[in-house]
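Trainee: Sequence:
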Amino acid sequence: MWSAEALLGRDTSEIPPPERDVPWDLVLLDRDGTLNVHRPGYIASPAELRLRPGAAHAVGQLTRAGLRTVLVTNQRGIATGLLTESQLVEVHAALVSRLARAGGRLDAIEVCPHQTGTCSCRKPLPGMLLRALARAPWARPERVVMVGDQPSDEAAAHAAGVAWLDAGPSGVGSARIADVLISRDPHRSGSVVLRSRER
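Following the numbering used here, the residues of the sequence shown are numbered contiguously, the last one being 220.
Keep in mind that the hints were calculated from the coordinates and are not lab data. Each residue gets a CB set at the ideal place from its N, CA and C atoms; glycine is no exception.
Computed Cβ-Cβ distance ranges for the label pairs, DEER-style: (1) S191 <-> G62: 22 to 32 Å; (2) G102 <-> R41: 36 to 46 Å; (3) R41 <-> P61: 34 to 44 Å; (4) P38 <-> A123: 17 to 27 Å; (5) P61 <-> R164: 32 to 42 Å; (6) G124 <-> P67: 12 to 22 Å; (7) A180 <-> R122: 26 to 36 Å; (8) T137 <-> E69: 21 to 31 Å; (9) W159 <-> T101: 32 to 42 Å; (10) L103 <-> V58: 13 to 23 Å; (11) R164 <-> T101: 31 to 41 Å.
Could you put together the complete structure from these sequences and hints?
Mentor: Here it is in structure tokens:
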């Protein structure tokens, strides 16, 4: 059962390691544009939350394969007053529920509620990713991947020293996230997975 604090990204408890050998220690998932459809402004209610085609199934595949997943999302609407914490709790509770219907599970949520330029966690800065890594001390950075659709997601991945998977229109798309990450040799999946250390 998720607490409101956990849904707001304030939980600091350790994420348990995978229970079996997996191709990636940790998968960091962007929210808007990766799991759900972008909309103007902010998603302020479950009714406004529309998952991208195939996204819930992809997270379900990751879960069934034993991978640990963490949501990492910029939500500066909190700072600007366009989104309340209680609204974000409801939206994230709905997201968790809809992913669960497809067999998917998020192991943790990290949120940046700050204005641009006022923190070290808002992507493209790596703070949220580093917080997730701190909660998973068993995770090897070279076996952690950030999945997103925006240049800010890619920049955060490179700044944190983890791999990057483009799930946007020019990349693999939301529905194929799991196909790429659970492939026989996911670390050599071609140009769709780019390691910051190799660039």
